[in-house]
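Enquirer: Okay, here's what each chain looks like letter by letter:
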Amino acid sequence: MELRQAPLPRMAGDLTFMRAPRGRIEDLGPDSLAVLGAPFEAAAGARAGQRFGPRILRETSVYFGWQANPQFSHPIDIDARRNIDTSSIHGRLVDLGDAPVGDRPPDAAMAALTGCVDDILDRGAGVIVLGGDRAIGEAASGDRPLVRIGGEVTGREALALAPAAPVRRETADRLREAGGLMLGVGRLVDLPSREIMRLTQAADRPFVHLDLSALSAPLHGMSPTPRLAGLTAPQLYRVLVAIGRAPVRGLAVTGLDPALNGLSIVKTGPRLLVTVLLGFIYGRMGLLDEETTA
Amino acid sequence: MSADLDALLTTPGATLFAAPGGSARDLTPGRIGVVGMPNDWTHSSRVGAREGPAALREASSEIARALTEDGTLIDPGGGDLRRWRGGDVLVDCGDAAVSPMSVEATTEAIAAMTGAVAAAGAIPLALGGDHYNSYPACLGYSRALAAADPDARYGYIQIDGHLDYSDRLGAWGDHNHATNARRIAELPNVDITNMAWIGITGWVDGTDLTGIEADGGRIFSSGDVHDQGPAAVARAAVAHAMRGVDRLYLSIDVDAMDAGYLPGTGSIVPSAITPRQYCQILDVLAAAPLAGLDICEVAPGLDPSGRTQRIAAHMLLRVLWHHLLAPVEDEGGSE
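Just so you know, the protein sequences line up as chains A and B, in that order. So the first sequence is numbered by our numbering: it starts at 1 and just counts up by one. So the second sequence is numbered by our numbering: it starts at 1 and just counts up by one.
Output of the computed footprint for chain B on chain A, the stretches with three or more beta carbons under 8 Å from beta carbons of chain B:
id	region
1	232-243
2	268-277
Derived Cβ-Cβ restraints for the label pairs, each shown as a range:
id	chain 1	residue 1	chain 2	residue 2	range
3	A	154	B	79	52 to 60 Å
4	A	102	B	77	51 to 59 Å
5	A	48	B	30	51 to 59 Å
6	B	105	A	184	56 to 64 Å
7	A	218	B	77	21 to 29 Å
8	A	26	B	216	51 to 59 Å
9	A	192	B	45	35 to 43 Å
10	B	210	A	192	25 to 33 Å
Honestly, the hints are just simulated from the structure, not real lab data. Where a beta carbon is used, it is the ideal one built from N, C-alpha and C, also for glycine.
Chain B on its own, in the form it takes in the complex (with noise of 0.2 Å):
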């Protein structure tokens, strides 16, 4: 067999961004350890977000190729010059252990899981499986980061078309991804005023709004992000969450966006936010100071086309800008 030959040959399993694959143990400060979170066992209706961590491996991989072929790379935005270093950044630990009969059981796998990156130094990405799995990943986060720095505190910003804040969800009890949100409100080391939502839309329980902007936190509609702008809404998120804290956690819910652009994602919602309003929001997140984060709600097997799990790992790519695309200097022999 030809050398050509083997250089064609696809690796089954794909890893994010076609990242080495590795354990926390290969993770050193500033870099990013991948986990997935295959479980939707906690989704209340259309299930399906199991197969998002393999499908937004495959889908950053088909990026990733694009990327490191062409060496030096221009940002059709900015116009800098930019070299792909993902391979150097990222380390793909693989999937957490999912108990389907078990969430206490899946939690703690997951939480056991992005602790140890966020323990190496490391920023946990977390990979979903529904919006429930949110909580372990940040809980992971939120024990290391206490026992590395009792008092060190975060904040919290949520994409979402939901705010997932009730405490309880008829036969699912209080935790499952209606009730993410509440549970990182209850952790130690982020407080409610130092959380916030973008793109909710549509009704919310009552009680679950009123209780959040009672107590600070902020939240910005789908209806703020097309008034006010999807920068001008991600900087006030940012200002607001940051307030007194050095770090923040993100987690990314692809239903934020409009399901007639992706509508490959369990709980829809005509929020009229399109791919580019998205990666705006995000294009600000990616120069806040991110010490984990999460992407849920990723369901390929319910969007025929493909596209949901592909655009999810553009937004991934935005939100990772600066991490997985280094600054080149202009040596002037870009053409």
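This is chain A alone, in the form it adopts within the complex (with noise of 0.2 Å):
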């Protein structure tokens, strides 16, 4: 709260997301946005490095946490030249730091994000994972219905958006035959917002696993899945709008490797995660209304 208070330098100060007051499960509430950290990577194999991605995402959200600083006003998105009054995410955006998954077993790690989420939702809060590789989406999503955005599909997807790779003819059947339905990059670029709005209410309350590989990757060179066809961050931002103005559980971020060959100096993947993710929660927090999104 004191950074309201006081011009202090961006980087200064305790270290939280979008410069978020930290805060504890406890303390949560039904209009609580929770902001977890899973610094762990399960499933990376050889390309190990996405178990920085909480610091860096936080890192570079300090420059968007107008809610918390004295020197701007309120943002205005250029293009829709529309208002949006941050004001309100102070004290409902909430950084609960790192859940406990370093220096465990993959299995015990992911019990323990498991356990956190749990906590989180039953609480009737929304969450936000940091992750992390690929495994987090699965560990923090547990059995809910699933929004997956990029990565790779397995066959539970409620929706499957802007998948990263071909997939398997037996993992789509599955999923169709399960009721999911899986979109390209192509078809889901043309789908009208509100079309998207209501595919992710019908999924029931989903949880949402977004990979970085949604992107394309000359974007950005960080995602150890890369792909030359895939979304860009505006395209990639009204989809998140949509899918937060729907009543989602919660999104697990996962896929960036800042520390990719000379690459953790560059930091496009973080920015771009950073600022789709800002769509995520102000549709999350009713900031953006219809017309915006459409």
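Could you fit the two chains together into a complex? Lean on the hints.
Expert: The structure is reproduced here in structure tokens:
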């Protein structure tokens, strides 16, 4: 809160997501949106580095902490020319720190993460989990209906949007037989926002797994699952605003490897991810109306 | 040591487009005086642009070497014949004396150099540095213009991912890379109704945006660039900036380009503006009556690939095209 009173340098002070106050799970209520770090990779193979994702996402997010920074008035979307009143975020967005996943065997680490997410959701709060590799998406979502954006389709998704790689026919059949829907990049970008919202609502309060591989790799170069014809940041932002406005339980973001050869100083990937995450947060907190997201 | 071997050696300390080094005293009207501004102590987050002037000089020298070797050149875009004359037009005046602990001293040092260039009737071309340095570069030009003609006015175009129109920025006060356009707007011989921005992306501060537009400034977002086309936006910006004036100051912030193409800069944005689109904007501005310009925010240390300064040097070539490459009459012997 003190950050609202004094013109501190952007990088000073306690490093929390978007300068949100720190909090504990016990303090969360139905109006809260919790941020939980999961600095772990259980499925990364030889290309390790995604465990540094939460740290760099928090570092990048401080540039967007309007609600906690006295030097800015309020953001305006330059293209929509619409004011976004972020004042209501302060106090509702809470950074819980990292889940106790470090130095544990993968199964125990993932169980710890699942337990934390369950506790948060049991209080009626929403959650944003900062991964971590794709295993974080599985552990955070648990058995809940799943909307997956980018990443690898497993067949259990209610919605699989912009998958990062071709999907095996058996997997696609399984997904379809279970009532799921898969949309590639081409169909997704043509889909009206309200239709994206309706499909998300139909999934019955799903959990969202967003993987950096949803975005075109040439835009960032920081995903261990590179792809050429992915989404652009503005396209993904629109999708996440629509999904955020539907009743979803939470979102886990994965797939950012800030330690990829020579790229630790580039930071394009975290900037893109935080930008699109803001779309989810603004949508979730009711800061954007339908006209903005159409 | 043979003469051939001598030719292979390089001289430490490149100059912009391998131009001769000198000072404002060597300049005459119509020429371009290059001023380095190796300062990023006025950047609030990711520093590294202090290495921009050296990187631009090195990368542009690579271009100059390729262009000067071939004699008559064919412009692959328009097909017309051109001959390199950068060595006759450019004078690299070196770097301003940067004082890391004093924004005021740095400001005056840069302004003194660009002012001396402008006072000689030449065009100051300032190499940043973070984008704050645009203000002292323009300040020097503005002072020289006022000294020569107190009634003269100029237009201003800023290509940028950001407005840089804050009055203050936290602990950095009122002179930093987020306030340079605001300080320029306060100069006596430029009016905000002659100011235009191109490439603004994402969220901007609400008070800054409404302030500019309410006072008559014109803003073109990166979305406008995509919707209307780069050349159309550039022409509209020039038309706005040049209303009632006959000279233009151009400030180029490389971060208007999407960071996927150009990651070596302090404040990256997902503008989706490609190098080709950026050059199409610059091609329009190259035909405008440029009286002063700067290029800022090249931070080579933030781009392991080294492409940032090469793209930026190419951008300089495009915006200085008519100055650096003279048209040549086709004598039928180009083949």
